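Asker: Read off the chains here:
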Amino acid sequence: MTKFFEFVGQVTLFGLHAAARVSRPPFEVRQIWIQLKEIGSRSCALVTASGFALGVVMTLHTRSTLVAFGAEAMIPRAQSLAFFVEIGPLVTGLLVAGRGGSGIGAVLANMRATEQIDAVEALSIDSFKFLVVPRIVACVVALPLLTMFMDFAGLIGGFCSEFALSHLSLQLYFRRAFADMQLSNFIPPTLKTAVFGFIIGTVSSFFGYTTNEGADGVGRAATNSVVVSSLLIILVDVVLVKCIFLVFPGNSI
Amino acid sequence: MSDEKSPAIVLDHVSKAFGTKPILRDLSFTVARGDALCVLGRSGSGKSVTLKLMIRLLRPDSGQIRIAGDNIAELEDERLSQVRHKIGFLFQNAALFDSFSLHDNLALPLRRLTTKSRQEIEEAVDGALNRVGLAADKSKMPAELSGGMKKRAGLARALVLEPDILLMDEPSSGLDRITASEIDDLLVDQKTRQRTTMVIVTHDVMGARRVGDRFAVIDQGRLLAFGTSDELDQHENAVVRRLLGES
Numbered sequence: 000m001t002k003f004f005e006f007v008g009q010v011t012l013f014g015l016h017a018a019a020r021v022s023r024p025p026f027e028v029r030q031i032w033i034q035l036k037e038i039g040s041r042s043c044a045l046v047t048a049s050g051f052a053l054g055v056v057m058t059l060h061t062r063s064t065l066v067a068f069g070a071e072a073m074i075p076r077a078q079s080l081a082f083f084v085e086i087g088p089l090v091t092g093l094l095v096a097g098r099g100g101s102g103i104g105a106v107l108a109n110m111r112a113t114e115q116i117d118a119v120e121a122l123s124i125d126s127f128k129f130l131v132v133p134r135i136v137a138c139v140v141a142l143p144l145l146t147m148f149m150d151f152a153g154l155i156g157g158f159c160s161e162f163a164l165s166h167l168s169l170q171l172y173f174r175r176a177f178a179d180m181q182l183s184n185f186i187p188p189t190l191k192t193a194v195f196g197f198i199i200g201t202v203s204s205f206f207g208y209t210t211n212e213g214a215d216g217v218g219r220a221a222t223n224s225v226v227v228s229s230l231l232i233i234l235v236d237v238v239l240v241k242c243i244f245l246v247f248p249g250n251s252i
Numbered sequence: 000m001s002d003e004k005s006p007a008i009v010l011d012h013v014s015k016a017f018g019t020k021p022i023l024r025d026l027s028f029t030v031a032r033g034d035a036l037c038v039l040g041r042s043g044s045g046k047s048v049t050l051k052l053m054i055r056l057l058r059p060d061s062g063q064i065r066i067a068g069d070n071i072a073e074l075e076d077e078r079l080s081q082v083r084h085k086i087g088f089l090f091q092n093a094a095l096f097d098s099f100s101l102h103d104n105l106a107l108p109l110r111r112l113t114t115k116s117r118q119e120i121e122e123a124v125d126g127a128l129n130r131v132g133l134a135a136d137k138s139k140m141p142a143e144l145s146g147g148m149k150k151r152a153g154l155a156r157a158l159v160l161e162p163d164i165l166l167m168d169e170p171s172s173g174l175d176r177i178t179a180s181e182i183d184d185l186l187v188d189q190k191t192r193q194r195t196t197m198v199i200v201t202h203d204v205m206g207a208r209r210v211g212d213r214f215a216v217i218d219q220g221r222l223l224a225f226g227t228s229d230e231l232d233q234h235e236n237a238v239v240r241r242l243l244g245e246s
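First to last, the sequence lines map onto chains A and B.
Taken in order, the first sequence gives residues 0 to 252; the numbers are from numbering that gives the first Met the number 0.
Taken in order, the second sequence gives residues 0 to 246; the numbers are from numbering that gives the first Met the number 0.
Simulated from the structure, these hints should not be mistaken for laboratory data.
Predicted model, so just to flag it, every value in this text is computed and none were measured.
Note that the Cβ used here is the ideal one computed from N, Cα and C, for glycine as well.
Accuracy of the hints is not assured; some may be wrong.
Said to hold, decoys possible - Which chain B residues face chain A? A few, computed with CB under 8 Å, are given here:
hint, residue
1, Ile54
2, Leu56
3, Ser80
4, Arg83
5, Phe88
6, Asn92
7, Ala94
8, Phe96
9, Asp97
10, Pro108
11, Arg111
12, Leu112
Looking at chain A on its own, in the form it has when it is part of the complex (with noise of 0.2 Å):
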């Protein structure tokens, strides 16, 4: 116990430092830039696909319900509420601590062990600066526009699976798709996953950044980071739920 308090203690003051040190010049924006199409633009189309088989199978499951209720015209909102307001934002998170964080964590370590990063202090640059603030700044602004890319992903594959079925027009589709979606059900719950970035983030570089176990560390740094960051990312969102009802009360799917 005593062990996981000082673990929880240490990811916090890593992820402290990594914010009060962004703001601080150099801003690392080639870094940053970097970062960003590695995890961002890399992390791209395994969210798409994931997203749209995502919508096709969410659709499928649904529609025998709703179908039975005569209420197959909902189908459409279902999978825009549902993909805008929860498993867009959730799912992304899980995918980008799959893919990016364990590519984080095991670079780090990698890094760590072959004396990289003794390296880069040895030239007077500050590592920490250099190769963990950039990588949670992209993790931070990756998280929201992937999310954007998985949302509408699964209302695409919503849409192919509806028109495979029932023939409705896209123009249809999408109307009620968005007949009742209110900027609260879009913005807080897109705007979350950049919590999600920034623990995706601060916790890979954290296991990669500090691991002195050598090449043993690497895979031990690229475990740890998938595991941590998604269940950290499972319970932070039980939390941002529940501020995000506190704020908007209509955001209920």
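We have chain A; now place chain B onto it with these hints.
Answerer: Quick look at chain B alone, frame taken from chain A:
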């Protein structure tokens, strides 16, 4: 002669332990400006740790390490950065940045730490790579380089900022005799032309005798002997004579 030179590096009663395991015990020696000190010793004797303490990649548990008069263990970040700026460090496995090309590995410190123009940076990178015979490979990634090429690239990166002090961890390990000899030539040239102070951790006694002005022998974290090669050849301790007697 060297005794009259001002000290570039002073280790004063330095001790370091990892957990309960002592690595260095009360280590004291001085490296004069422009001198090359070769640090010899058996594997695990604390040579690499000594080198890392000199650039504060590690901190001593006790004692002082003064680089050009500054106690490096107690420097604030800004001053530490200024001091490190004057030091080039060659890691044992070169520690090139995997995600950067060879060119960018060398250009990074120039971009970050100097006010050189793009043209000047290109010239400095080309110059440093030329010296180590890698000018034609500058667009390659570290994974495309052989062990010897990596080592030479690491040396080029250590030299690119024209440091006053060069710290090297086994610059010729894993290299064939000809490449090792070329690196020794380069170090001798650097010492003669730029009067760069060097600390070289090495097992290559032949190379050390060519480059080194003085030798420190460390055994089990303690300084066993310190002096010129002639002085150490006559040393009473058998370990010292055996370490230097292979040539």
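Asker: So, for every hint listed, does it hold in this structure?
Answerer: Each hint, compared with the structure:
Interface hint status for Ile54/B: upheld, as the beta-carbon distance to the closest one in chain A is roughly 6 Å, under 8 Å. Because the smallest distance between the Cβ of Leu56/B and any Cβ of chain A comes to about 5 Å, under 8 Å, the interface hint for this residue holds. For Ser80/B, the interface hint holds, the least distance from its beta-carbon to any beta-carbon of chain A being 4 Å, beneath 8 Å. Interface hint at Arg83/B: satisfied, since its Cβ lies 4 Å from the closest Cβ of chain A, which is below the 8 Å cut-off.
Interface hint at Phe88/B: satisfied, since its Cβ lies 4 Å from the closest Cβ of chain A, which is below the 8 Å cut-off. The closest approach between the C-beta of Asn92/B and any C-beta of chain A is roughly 6 Å, which is under the 8 Å cut-off, so the hint is satisfied. Annotation: Ala94/B was flagged as interfacial toward chain A, and the flag holds, the nearest CB pair being 4 Å apart, inside 8 Å. A cut of 8 Å between beta carbons decides the hint on Phe96/B: the least distance to chain A is about 6 Å, and the hint holds.
Taken as an interface hint, Asp97/B checks out: its beta carbon lies about 7 Å from the nearest beta carbon of chain A, inside 8 Å. Hint on Pro108/B holds. Least Cβ distance to chain A is approximately 5 Å, under the 8 Å limit. Because the closest C-beta pair between Arg111/B and chain A is about 6 Å apart, less than 8 Å, the hint holds. The restraint placing Leu112/B at the interface with chain A holds, with a minimum CB-CB distance near 6 Å, inside the 8 Å limit.
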